[in-house]
Amino acid sequence: MSRWRLLSVVCVMLLAVVGWGVAFSEDVIKVGVMFSLTGTGAPTGKVQKDGALLAIKEVNEAGGIKIGDKVYKVEAVVRDDETKPDVAVRRVREFVEEGIRLMVLGTFAHVTTAVNEQILDGSAMVIASNSIEEKVFRKENKAPYFLTSQGAVDAIGRMTAEYVIKTFNPKYVIACLPDYAYGHGVAVGLKQVYEKHPDIKLEFIWTPVGTPDFTSYILKIIESKPDVVQMGQWGTDAIEILKQSYELGLSKHTKIFFNAIVASLAAGIPPEALDGVTLGMWLYHDLSILKDKDPATYENAERIRKAWMEEYNDVPDVMAAYAYMAMKELLRGIQLAQSTDPAKVYQALMENPEFMGFKGPAWWRPDGRPFYKYAYFIGIGKGADKRADKWDYAEIIEAFETEALCLPLEEMGYK
Amino acid sequence: MSLLTTSGLTKRFGGLVAVNSVDLRIEENETLGVIGPNGSGKTTLFNLLSGFFPPTAGRIFFQGRDVTHLSPEERVKMGMVRTFQLVSVFNSLKVWENLVPCVAWKSGMYHSLWRFMTTPAASTWADSIEALKLVGLEGQAEAVAGELSYGDRRLLEIALALSLRPKLLLLDEPFSGLSDVEIAKVLALLKSLKGKITIGIIEHKISMIVDFVDRLCVMNEGHIICEGNPSEVLANPLVNECYWGKQETLERAGVSGV
Amino acid sequence: MIYAIMYGLTVGAVLYLISVGFSLTFGTMRVINFAHTITYTLGAYLLIASIRSLGVPFFWGGAVGVAVAALAGYGIERFVIRRLYGESLDYTFIATYAVFLIGVDIVKWLWGVFPKPVSDPLGKTVDILGFVFPTYRLLVILLAIVVFFGLELFMRKTMVGKIIVAALDNREGVRCLGIGVEKYFSLAFVLGSALAALGGVLYAPITAVHPYMGSHILLLCFAVVLTGGLGNLRGTFLASFALGMLISITGRYWPAGSEIVAFIAMAAVLLARPIEA
Amino acid sequence: MGNVVKERGLVLEKTFVAMGKQLTQAGVGQKVLELILIGVVFLILVPFLGAHRATDFAIFCIIVLSFDLLYGYMGRLSFGHLLYVGVGAYTVGLALRYLTTNPLLAIVLGVVAACLAGMAVGAITVRIAGAAFALANLAFNRVGWFLVMSPLKDITGGENGLSIRNLSFWYVNFRNPTFRFWFVLASLLLVFLLLRIFTSSSYGVLLRSIKEDEKRVRFLGYNTQLYKWVTFVLAATVAGFGGALTALNYGYVNPNTLDVHANAGIVFACLLGGSGRLYGALLGGIIYMLITNLLPVYFQRWEFFLGVALLLIVFRFRGGIWGGLEALYSGLAARAKSGSSKEGMSR
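Residue numbers (the numbering used here), protein chains in the order written: chain A, 24 to 438; chain B, 250 to 507; chain C, 421 to 697; chain D, 938 to 1284.
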């Protein structure tokens, strides 16, 4: 019967195909890098990857990592999580199986959350470079060697709410948030702050992810006439809702506060739609606002920005900057621990928690999050006429220092 | 009692009346020929009888039971089996595999889904070969049906129909597209069946079936205009007129010795 | 509420422009054309490219986009669809999906993964009975209606149109006529592609332009075409506006369900009227 | 007279030979051998890919096999097949969270749930033909996805998915990669055996008949709606089993398991290997996983590659890889045969 010979032929072919994928080893330290290089997260994932690679390049150019008497170069093993949690989990398993137990990853919150679950057994150390729901960092949920260079999405809610209340002194606020993990995390943070101000009316409008048209939601906002609307869409949804808000003249009725914007998204929004919108951001590439106030931070940020310009002829996107910081910290951990063992590297970072990040002095908390001196930056969107170059989409008006960045450790279940 | 009767059977397609109030009757074990020019409604009539589509009006009785609204498969189960004008067999299957669904049913497997799903198809091999022997295709059992000649596929289709143990076999232009040699083969097969089962046969060319059928029905424009034994029918001037046109003659039809 | 209806109409208009080509292709050639969404995406990107590099105004850019996308549509028809003519549905399905994948990657390669900004070319609003509407949206709705009547006229008055209509009705019958129907079908295909590109061009200022923009609208397109009846041009017109309205109004009262109602409506229609084709 | 007897004898002999061939083809011994061989193929994969990848591959193969029954054998292309994978996966996830600590029981529940979902949806969609069938299923899949994402978010975890922490019970320990591998491999072999029996039965022939011409099958006395429904439910059930294994394999369920876009991957795998052939489905599953797992590592433009490969399949290699190999083999066999007969003549 032909089936038999066929099967054996197939076996041989499979072996040939598979054999091609077998890896080899050298005098290098391999670290895993995984972002969403395809799928909906692709715009962010690409710059994140660039960020992580730049950090590795800097360390290698400075001589690599010295463990004992031996000097190791760092090599990134880059993978694509396709913006899918299951693919991410699969890739992490592959990393671990290939002996790569230190990684920097994370474009989308749910993807990173899934990875945290996967490494609960301590099989790997992960520094995520995106923000995740705060509950992941609670003691009972957090994987032993899991960190993030950015923070919790809940913090976005707390910080922006604090700023909005302080600055605009509103009586009626609508939070227009996307109906998925990211939006719900932000909502948790918002509620935590607004609960302390019972005189302010807070309402939520949830928008589905990837809806073709936001007009019905925007109209609802216009009709409700709030003092401030806090928007928190992400990805292309952010572009659409800002475009359509401009088109419908929302800003004539209501102050628009956009919770979190990054350069890769801002690039997709026509300048007129950003003009005059108050923008919250984790970070901005140009920190000249700190030039006099905090020269050390400014110079550090400038250094990174210049290195970035040289390497990629572009400004560092927020997400990219966090990936850069995550990788820098991971490599610092290896150097300190003199080992690539996840437990030791994690331990080393926790014992020497202070570092200088893109956005100022910071220290690692036991819940795996850094506390940055400057939690948040506030900018005003610039119209086409005010822009100096294509990256210049906002004017920074404040570097926001607040304790709201992280909940107290006791509340997170530590100590 | 007749095996099959229809009363006032009518089918309209939009404005067109394809079959118009037809009262047809087929007796047990007779061979009935339905003839008529193209577009006279023969195939539509067969489609109605076999349940291809529901009639606009009228009723169909089979063995005294009203089958007007039964589905094709239920009619097949009662013993009404048909073939198609364009040979319709499963070209991608092997010849013997074509017969598997038919003979699997015969062997009673049909009544137990589980048995049907788990018994190897090969177990029906002997029955399939048996059915193929009837039409003389047993030597090509392992060939792929699509590679047979058109005539052999026609034979295969008849084998399919016969393996369903029909009480009434409706043949829709079984000779169309066949070569003379193939026609002879099919005709011989049909002759061997004559008298054993009831056969309804549509044919465009009267000459093919005239010496073989017991009775002829002539259709024109959806009506049955004449019926009776072949010689009566062919002698009927009305038939001549509608069928051949006025200038045509019976000799033209190649009917000799009538 | 008036506004919700109004914006439902915009969504409907865009859905119509994209779906009609889809419906046309299916009705004539029995091809479920996944590649349709890539011409849609291409239309939007070419618009941007021509505004940026040629410096032409929006509407000329749009014309360039539609023209080039139509050309691409012809290419797809000539090299993929025509070779699969009369084949099983699945293969054309899969082949056009392949074209879609390749197209997305080419778009990413040419223009990058970052979303592109497109500004509203008019930027004015109109005041009707105290309700303020952006002019651009009115224009989109108007264009969809013009396209609808244009198509109706085209189908009724021209030879090509008549053949296409006949083909929609009974494909085999038309083929029996012995005319080179393939030629006319390919025209229908190009026409469909051009309309999809027009949809992309018109929607660009309202939505975000990114390489995967087509794959999202595609699902809604399926819903529209199936609700309206495959190959039924008027049904497609009605279905797009009905579903657009449904999406817009549901979005107002039950935001999470706004998109899914389209699919529920489609399932309901299919239940009531199964398609045997 | 003697001639006739001789002829009859010849026919009979031929009949018996062919019959024997048919019977051994479907015989128990051969099936066991086939299963062993498939097991060996996966075992060979382990050292190259790692047990976890081999496990992923095997699960994917189960899903592709279930799809092949529907598409390859019965010729009904569905774009909503992942719904059942998702139902199986979520049922396991929810059962282990709220109902039981026994993963085996959870698998049973998952399979039953997928079966029920298949019964309900199938009852509606099998009435629909052609492209509309594919799209109607897609609509149902989309509705399922929506249910998980939005109205049932509180129990399914929405976008974040659902982590399963009860993975070990008695000897059954899904935390252990080796156990996972063996369990999944055994499941694959079970599914394969089952489908092998189904497809080589009269029912299997009926399915292929329906694929070619459903109307004709009705005129053979078969209620095709019933058989289409049965097949649909069967495919859904097996897919649900695959989904249940996915959930246990990752210890995690997320809405991606029923993402309609991922359906294309299954269709592709099915075609790549060769649709309508169980071995084709297995081969397609493995090769698709190899492509999607390894290609992105070396090659950024994997979407492009996938597109080109699909076009090639559609235009050049309809039978997929397995079909191609079969053709190659029969070609070689024919050549060898004609060669040997020539030799015989020259001698």
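Take these hints with a grain of salt, some might be off.
Subject to a maximum C-alpha distance of 35 Å in a straight line, what follows is the list of computed DSBU-like cross-link-like pairs (lysine-lysine) [claimed, not checked]:
(1) D:Lys1152 with B:Lys445
(2) B:Lys434 with D:Lys1090
(3) A:Lys248 with D:Lys1152
(4) A:Lys162 with D:Lys1090
(5) A:Lys248 with A:Lys329
(6) D:Lys1090 with B:Lys343
(7) C:Lys603 with A:Lys248
(8) D:Lys1090 with B:Lys382
Derived by calculation from the structure, the hints in this document are not laboratory data.
Query raised in the report: Of the hints given before, which are not true for this structure?
Result: 2, 3, 5, 6, 7 and 8
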